[in-house]
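Chemist: Once you've looked at the hints, dock chain B against the given chain A.
So the protein sequences, as listed, match chains A and B.
The opening position of the first sequence corresponds to residue 1 in the numbering used here, with each subsequent residue numbered one higher.
The opening position of the second sequence corresponds to residue 1 in the numbering used here, with each subsequent residue numbered one higher.
Calculated from the structure, these hints are not laboratory results.
Hints are not guaranteed to be accurate.
Said to hold, decoys possible - Derived DMTMM-like pairs (lysine to aspartate or glutamate); straight-line CA-CA distance at most 25 Å:
| no. | chain 1 | residue 1 | chain 2 | residue 2 |
| --- | --- | --- | --- | --- |
| 1 | A | K139 | B | E57 |
| 2 | A | K112 | A | D192 |
| 3 | A | K151 | B | D16 |
| 4 | B | K120 | A | E147 |
| 5 | A | K97 | A | E12 |
| 6 | A | K151 | B | E117 |
| 7 | A | K22 | A | E262 |
To be verified - A few chain A positions that, by computed beta-carbon distances, are all more than 10 Å from chain B:
| no. | residue |
| --- | --- |
| 8 | I7 |
| 9 | K15 |
| 10 | T21 |
| 11 | L26 |
| 12 | P44 |
| 13 | V62 |
| 14 | I113 |
| 15 | Y125 |
| 16 | S145 |
| 17 | E147 |
| 18 | I221 |
| 19 | I264 |
| 20 | K273 |
| 21 | A290 |
What the hints assert, rightly or not - FRET-style restraints, in silico, Cβ to Cβ:
| no. | chain 1 | residue 1 | chain 2 | residue 2 | range |
| --- | --- | --- | --- | --- | --- |
| 22 | A | T63 | B | D112 | 24 to 30 Å |
| 23 | B | N134 | A | A90 | 50 to 56 Å |
| 24 | A | K132 | B | E88 | 37 to 43 Å |
| 25 | B | Q17 | A | K139 | 23 to 29 Å |
| 26 | B | Q119 | A | E105 | 42 to 48 Å |
| 27 | A | K261 | B | A138 | 56 to 62 Å |
| 28 | A | N154 | B | V109 | 22 to 28 Å |
| 29 | B | L85 | A | Q10 | 51 to 57 Å |
| 30 | A | D135 | B | D112 | 17 to 23 Å |
| 31 | B | D90 | A | R128 | 39 to 45 Å |
Where a beta carbon is used, it is the ideal one built from N, C-alpha and C, also for glycine.
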Amino acid sequence: MASLKDIRAQIESTKNTQQITKAMKLVSAAKLRKAQNNIVNMRPYALTLRKVIADIAVTNKVTHPLMEKKEQVKNVLLVVITSDRGLCGAFNSNINKFTEAYYNENKSKLEKIDFLFIGRRGHDYFARRGIKPVDYITKLDKDISYELASKVANRVMNDYLEGAYDEVRIVHNEFQSAISQVVVAETILPIDLGKTTFNTEAETTSNFAVDMIFEPAPEQIIKELLEKHFDLQVYRCMSESVAGEHGARMSAMENATNNAKEMINKLTLTYNKLRQEKITTELIEIVSGAEALKG
Amino acid sequence: MFKLTIVTPERRLLVDQEVEEVTVPGFKGELNILPGHAPLITTLGIGVMKWRLKGQEKQNQAVISWGYCQVSPEGVNVLANIADLPEEIDLVATKEYLAKSEKHVLDEVITDADWVEFQKEWTRARAKIEVAENTVAAKK
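Just chain A, same shape as in the assembly (with noise of 0.2 Å):
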């Protein structure tokens, strides 16, 4: 049976812990916020991009590499997105266990899966298992920026016009709320335009004026905006998954200091049972001494 002292040093203790539980939450919560303003403020973007990519696509019937389906797909490259630090619930193995499934699935039918790591824990997970990368980003503790994902893009996207990879897919963190977040596994390269909600010809011609001045020709004009958009999607991707990761660690951190108050009130009951028995004891001890004095 634990001593009185013992049980008051480790209600301390637990409410010291739930200290710091509560802090993080809160961190979190401001951290959230942010990252959800930045998808917010990116959706325009996004959205006239993809217009306009299918208005030029559709009136001049332009196609491009990043855009055309290969037959037969060999080699892959799987770019996974986790977060640089722990503490936050089932976020990281989710995606780690996704990713390790899919890969022991697929490598008997494909030549060759390739790994890119963005956030250390997933590079860390696979480090202990063999696997090595053919690169790795951390540091994203700090704010992902735009000239971030577009490096790592540019990364991709030149592997995969040189044949490297005949597809490229992304698994991250799809941020839905605050306490659910969804593994996703996105193929980004090729292209598909299909998936994209693309408006059709006649939708498009009626509010796109044909006599359009283009400078440069169409075609180079597609292929910056769809250089762009993969920027755009590697961008969004991370977004999503850092506004996941601290909507996780948040709901982790509630729960931590959740169980840690429940903790503190069995230990203190248990403390104030343990105090009444020893006074209890005391008193009997007193009451009995002087019971025999009195003889």
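Modeler: Leaving out everything else, chain B in the frame of chain A:
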């Protein structure tokens, strides 16, 4: 008079603001857009973008780095990768950066890719200095 929208992936600078005149660093050089411009789609380089709000004399400025501009009868849509507003530019730091990178390029052997990167950064830094100095001059 027409409407101007400027957005970047990270933020919205202007949404449907009424303007009288817009100047953008177009693919073929500086491009001035006044009301009634023919429909046009162009890519933008790195440089200074200017716009004058409705009923104002003041030219607003920003440095934009790669972008795309669509002129339609309804207005002008600008998508920029990065936009630096005058009040966000650190003139001293930019000048230092410019001097340092120029020295680096002159003193060391660099690859073609580095050279391309340098040219971009150099143009951006020059544009930033121009905007910052213009703003200071306008205040005086």
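Chemist: All the hints need checking, so say for each whether the structure fits it.
Modeler: Outcome of the hint check:
no.	hint	result
1	K139/A / E57/B	violated (45 Å)
2	K112/A / D192/A	holds (22 Å)
3	K151/A / D16/B	violated (31 Å)
4	K120/B / E147/A	holds (13 Å)
5	K97/A / E12/A	violated (37 Å)
6	K151/A / E117/B	holds (12 Å)
7	K22/A / E262/A	holds (14 Å)
8	I7	holds (52 Å)
9	K15	holds (41 Å)
10	T21	holds (31 Å)
11	L26	holds (25 Å)
12	P44	violated (5 Å)
13	V62	holds (13 Å)
14	I113	holds (28 Å)
15	Y125	holds (29 Å)
16	S145	violated (7 Å)
17	E147	violated (7 Å)
18	I221	violated (6 Å)
19	I264	holds (43 Å)
20	K273	holds (58 Å)
21	A290	holds (81 Å)
22	T63/A / D112/B: 24 to 30 Å	holds (29 Å)
23	N134/B / A90/A: 50 to 56 Å	holds (53 Å)
24	K132/A / E88/B: 37 to 43 Å	holds (41 Å)
25	Q17/B / K139/A: 23 to 29 Å	violated (37 Å)
26	Q119/B / E105/A: 42 to 48 Å	holds (46 Å)
27	K261/A / A138/B: 56 to 62 Å	holds (58 Å)
28	N154/A / V109/B: 22 to 28 Å	holds (23 Å)
29	L85/B / Q10/A: 51 to 57 Å	holds (55 Å)
30	D135/A / D112/B: 17 to 23 Å	holds (21 Å)
31	D90/B / R128/A: 39 to 45 Å	holds (43 Å)
Consistency with the previously given hints fails for numbers 1, 3, 5, 12, 16, 17, 18 and 25, ordered from lowest to highest.
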